[in-house]
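A.B. asks: Now for the letters of each chain:
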Amino acid sequence: MNDMPKFDRRSFLVGVTAAGGGFSLGFNTFASDAMAADATPEVNAWVVVKPDDSIVIRVVRPDMGQGSRTGLAQLVAEELECDWNKVTTEYPTPGQNLARKRVWGAMNSTGSQAIRSSQEYVRKGGAAARMMLVQAAANEWKVPVEEVTAANSVITHKKSGKKTTFGKVAEAAAKLEPPKEITLKNPKDWKIAGKSPKRFDTRNKVTGKHMFGIDTVLPGMVFASVRDCPVNGGKVKSFDASKVEGMRGVKKVVAVGETGVAVVADTFWNAKQACYALPIEWDFGPSVNVSSASIADYLKEGLTAEKAFIGNKQGDADAALAGAARKIEATYAYPFQNHACMEPMNATALWTENECKVWAPTQNAEAALAEVIATSGLPAPKCDVIKTELGGGFGRRGRADFVRQAVLIAKQMPGAPVKLIWTREEDMTHCSYHPITQCKMTAGLDDKGNVTGLHMRISGQSIIASLAPERLDNGMDPATFQGLTASSPEGAFGYNIPNVLIDHAMRNTHLTAGFWRGVNANHNAIYVESFIDELAHATQTDPLEFRRKLLKPKQFAVLNAAAQKAGYGKPLPKGHFHGLSSMNTFGSYVAACAEVSVENGNLRIHRIVGATNPGHAVHPGMIERQVAGSFVYGLSALLYGECTVKNGAVEQTNFDSYNVMRLDEMPKVDVIVMPDFEFWGGVGEPTISAAAPAVLNAIFAATGKRIRTFPLMNQSLTSA
Amino acid sequence: MATLNVNGKTYQVDVDPRTPLLWVIRDSVGLTGTKYGCGIAQCGCCTVHVEGVATRSCSVPVSSVQGKKITTIEGIASGDVLNKVQKAWVDNEVPQCGYCQSGMVMAVTALLKSNPKPTDEDINSSITNICRCGTYQQVREAIHAAAKA
Ligand code: FES
Ligand code: FES
Chain L
9 MNDMPKFDRR
19 SFLVGVTAAG
29 GGFSLGFNTF
39 ASDAMAADAT
49 PEVNAWVVVK
59 PDDSIVIRVV
69 RPDMGQGSRT
79 GLAQLVAEEL
89 ECDWNKVTTE
99 YPTPGQNLAR
109 KRVWGAMNST
119 GSQAIRSSQE
129 YVRKGGAAAR
139 MMLVQAAANE
149 WKVPVEEVTA
159 ANSVITHKKS
169 GKKTTFGKVA
179 EAAAKLEPPK
189 EITLKNPKDW
199 KIAGKSPKRF
209 DTRNKVTGKH
219 MFGIDTVLPG
229 MVFASVRDCP
239 VNGGKVKSFD
249 ASKVEGMRGV
259 KKVVAVGETG
269 VAVVADTFWN
279 AKQACYALPI
289 EWDFGPSVNV
299 SSASIADYLK
309 EGLTAEKAFI
319 GNKQGDADAA
329 LAGAARKIEA
339 TYAYPFQNHA
349 CMEPMNATAL
359 WTENECKVWA
369 PTQNAEAALA
379 EVIATSGLPA
389 PKCDVIKTEL
399 GGGFGRRGRA
409 DFVRQAVLIA
419 KQMPGAPVKL
429 IWTREEDMTH
439 CSYHPITQCK
449 MTAGLDDKGN
459 VTGLHMRISG
469 QSIIASLAPE
479 RLDNGMDPAT
489 FQGLTASSPE
499 GAFGYNIPNV
509 LIDHAMRNTH
519 LTAGFWRGVN
529 ANHNAIYVES
539 FIDELAHATQ
549 TDPLEFRRKL
559 LKPKQFAVLN
569 AAAQKAGYGK
579 PLPKGHFHGL
589 SSMNTFGSYV
599 AACAEVSVEN
609 GNLRIHRIVG
619 ATNPGHAVHP
629 GMIERQVAGS
639 FVYGLSALLY
649 GECTVKNGAV
659 EQTNFDSYNV
669 MRLDEMPKVD
679 VIVMPDFEFW
689 GGVGEPTISA
699 AAPAVLNAIF
709 AATGKRIRTF
719 PLMNQSLTSA
Chain D
636 MATLNVNGKT
646 YQVDVDPRTP
656 LLWVIRDSVG
666 LTGTKYGCGI
676 AQCGCCTVHV
686 EGVATRSCSV
696 PVSSVQGKKI
706 TTIEGIASGD
716 VLNKVQKAWV
726 DNEVPQCGYC
736 QSGMVMAVTA
746 LLKSNPKPTD
756 EDINSSITNI
766 CRCGTYQQVR
776 EAIHAAAKA
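Protein chains in written order, with my numbering: chain L, 9 to 728; chain D, 636 to 784.
Everything labelled a hint here was simulated from the structure, so no lab data went into it. Among these hints, one or two may not hold up.
[Unchecked claim] Pairs of lysine-lysine, DSS-like flavour, derived with a Cα cap of 25 Å:
1. D:K783 - L:K676
2. D:K704 - L:K217
3. D:K722 - L:K203
4. L:K94 - D:K722
5. D:K644 - D:K719
6. L:K196 - L:K58
7. D:K644 - D:K704
Whole structure, please, built from the sequences with the hints as guidance.
C.D. replies: Given below as structure tokens:
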């Protein structure tokens, strides 16, 4: 085994982020070959063909329900020309990836990146494997490779009528040099990708066999329950272990870093009972007096502050506003929100002096591994992370704070696997929350009602400042301007307005901000799309016509498709009203048209038509489900999502105080998937941003009431 | 010691009698298909059948179900043959992450037993399980499909 170079966690993390699809990080390898459990040699890193013709495709982007396992396998299989019915998948570990110089590239499913940022190299992986299999057959038959074709796992030499299967030549293929020139298929000719085959993992999910992190069972395993300081930035002053050491099943009471305490016991219930009975004295730290009101005041000041980071500047917005015939202003506010993944945070760690292994439901196995290495005190080759299934992720599981805790506890229980499970209460109060922001919109109109200038001032938290300050750009967080920049493949401001200024007064709070499905696009879309609607009404223009004049063509195309399918402009049932919105984010163009009614102040969302142009659609059936699911996530946030702060701590502790949407509130969702094959956009997140503003605009149409502070449960919808 | 009858088998478990059934099923009996989501009867992830009735096992002390017939997600298929709700779930590809789906399937299986042809209104009032992935539309379609099967 070669020595690993000294492992620097931060540069590794940055490298992981920056590397995207690159394979170039220069770590030395250590000898153990990945997937050593099976003697079958791989054709290449992506493809193993067994003698019985079964195919194993390696997928390294976690599937937390969004379907990347199936989608990425489709892309490999498409180029491999294999029999789809013989495909299974496996997930290499980040340790194996590291050992092989990151042959599989990045292993994260975050930022709606899983498919789009690896599609090219996984397709090439499939194509290269096919070329090697075909070459091996040609060699055996001693015929020119150009005369040999592959389809459905069968290799054919038409001239001689010879046929063989992938399984029969796989061993010989594995010994060949990989091809240098690879030509990929035109996606318009796809036969497996672009279709909607059954996903791999459904049966296990309805029989209780899908093994989530929380289901990890290891011989000799013990359980841990943790309490971390209720106020972020505080720490443990002292705790009295003697009070709980005699309780049923308790094995040990341990400090978890400086900020938490855990109880280890024979069952989770016993661990939890003792952990919550344990007297802990906290030093709540400097933020103990922070409240929702003090945060709101702090953000409000930012709305008019002189200094702000500029994310988009075209023309001279100040001058345009000063010279406008008419000025329209509105101020909005968006709260903290918790991801509330259905499966609470958890991880199982085994630490000995020789190795540290962690089983974790992680969206980013490499970040988890980096955390294990940093925390375990062991060299990188002695550490690894086994990614389990994930009960939701939504951005929360890109962080590794729970992995760190599990390792800290396991280090104090050498040789015993420790399963750490957060209670829902711990999960609700120790999140990296959806950032809190306020926004002031100001528009100038000329005497004909044309928009001549727009100033959008966002005041509030930066996710990057919270989670990865080294990635700030001269103090600025470019991610704040998601969907708002002048031009970006990730998503640009969709409106043609001659003078625009969009800026951000960064106002960070003591609560950690984090990536929350849809991220900054969620509030940005609400601000822009509500305000555009306000302008349409102020100028007595139909909201669709108003947008038609201003929106860029690709953006208007999705909006118009959603509106047409929803029957926009046609008569609706009595009391029903439409609302529109659209956004360009995570590389995709998305839109929604909502149909609502408000009766005696009670909102009913009847239907939403969503449209998305993600460039390429690998599995349209899964995209439809992602869109519907993202609407539920976005509407839960709009209706109920709010974490408030009192004495520095988050007040909501469970689903009784942090409500979410249930089946009875589910609107009918129709989805238009309209890829134009011109780019690769994301799927899991972009449409979430379209749902809330469409509903808000429909509420205005129904009631004449413009809601500008969220969530809706705090607002009266009785007609204005 | 408590004696439990889970999926037709008898288990002797040595736990505090106040322990919620959920944790006994998961950690003592060793069946992990029943999930923890909230612990306060809000989310439905932990739904099992006690004498055929859908029950949120996080909020039932084990002492209260001794000797009763308990069925978990692992016990509703006959061998490899899925029950009609599970089958409708597979055919309609309901699950996304899957974490809530054990509880959904258990709740719906019990619903269809007492109400074989539920209306949308019946479904709204009886299936209150939380799904953070937002599979509600597929859940509703699959319930109707199972009712027709
Ligand atoms: S865990 Fe029992 S209802 Fe949520
Ligand atoms: S499928 Fe993920 S919570 Fe329901």
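A.B. asks: To test your reading of the hints: which numbers does this structure violate?
C.D. replies: 6
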